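Asker: Sequence:
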Amino acid sequence: MANKSLISRILTSIFFKRANVGAVRYARNSRSLYQLIRDALNKSGGLSGSNIAVFREQLGIVTRLLKAYASGEYRQLPWKTLIRVIAVLIYFVSPIDILPDFLPIVGLTDDIALMLWLFSGIKDDIEKFRQWEQTTAGTGEMTTQPVKTIKIG
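Numbering (my numbering), first residue to last: 1 to 153.
Incorrect hints may appear among the rest.
Lysine-lysine pairs mimicking DSBU-like chemistry, simulated, CA-CA at most 30 Å apart [as the list claims (entries may be wrong)]:
id, residue 1, residue 2
1, Lys43, Lys4
2, Lys17, Lys123
3, Lys128, Lys80
4, Lys17, Lys80
5, Lys67, Lys43
6, Lys17, Lys4
7, Lys128, Lys43
Read the hints as simulated data drawn from the structure, not as lab findings.
Quick caveat: nothing in here was measured; it's all calculated off a predicted structure.
Generate the whole structure from the sequences, applying the supplied hints.
Answerer: Right, here's the structure in full:
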C-alpha cells in the first residue's frame with residue numbers, strides 16, 4: 001500500500017511531469033537517448049544489495065531495447081511505452097526528485113520503486129523485445145557474410 005502511495009506521489013510530481021516532457025525530445029534524438037542510457041547504467045553500477053542483480057538485469061533489457069530503438073533496429077515498441085521508459089530513466093538519473101539522491105539510505109527509494117513499477121507495467125513489451133532479440137541473434141549467426149572467392153589466373 002505504501003509503495004502505491006509513493007508511486008502515485010512520484011507520477012503526479014513536478015519532477016516526473018518534467019521528465020515526461022523531456023522524454024519526447026529524447027525519443028527524437030538518438031545521441032541524447034544513448035547518453036541517457038549510459039547515465040542510467042552508470043548510476044545502477046553504484047547500487048549494491050541482494051536484490052540488485054535482478055534490478056540490473058531488468059535495466060539491462062530496457063536499455064538494450066532503447067538502444068535497438070535508437071538505432072532503428074527495433075521499432076515495434078508503442079510510442080506510449082517508449083515515452084514512459086524514457087521518462088522513468090530521466091527521473092532515475094536525476095539527483096533531484098521527490099527523495100533527493102544525496103539523502104542517505106532513502107535517497108534512491110523513489111528511483112528504484114519507479115523503475116520496478118516500470119518493469120512491471122511493460123512486461124509484455126519487454127517479453128516481445130526479448131523474443132525479437134533471440135530471433136535476431138539466431139538469424140544473425142546464420143546470415144553471416146558469404147566468403148568471397150578471388151580468382152587467380
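Asker: Determine for every hint whether it applies to the structure shown.
Answerer: Hint-by-hint comparison with the structure:
Straight-line distance between C-alpha atoms of Lys43 and Lys4 comes to about 24 Å, which keeps the hinted pair within the 30 Å bound. Straight-line distance between C-alpha atoms of Lys17 and Lys123 comes to about 23 Å, which keeps the hinted pair within the 30 Å bound. A C-alpha spacing of about 16 Å is found between Lys128 and Lys80, which places the hinted pair at or below 30 Å, so the restraint holds. A C-alpha spacing of about 14 Å is found between Lys17 and Lys80, which places the hinted pair at or below 30 Å, so the restraint holds.
The straight-line distance between the Cα atoms of Lys67 and Lys43 is roughly 17 Å, inside the 30 Å bound, and the hint therefore holds. As the CA atoms of Lys17 and Lys4 are separated by approximately 18 Å, the hinted pair is consistent with the 30 Å bound. With a CA separation close to 26 Å, the supplied pair Lys128 and Lys43 stays within the 30 Å bound.
Consistency note: the structure conflicts with none of the earlier hints.
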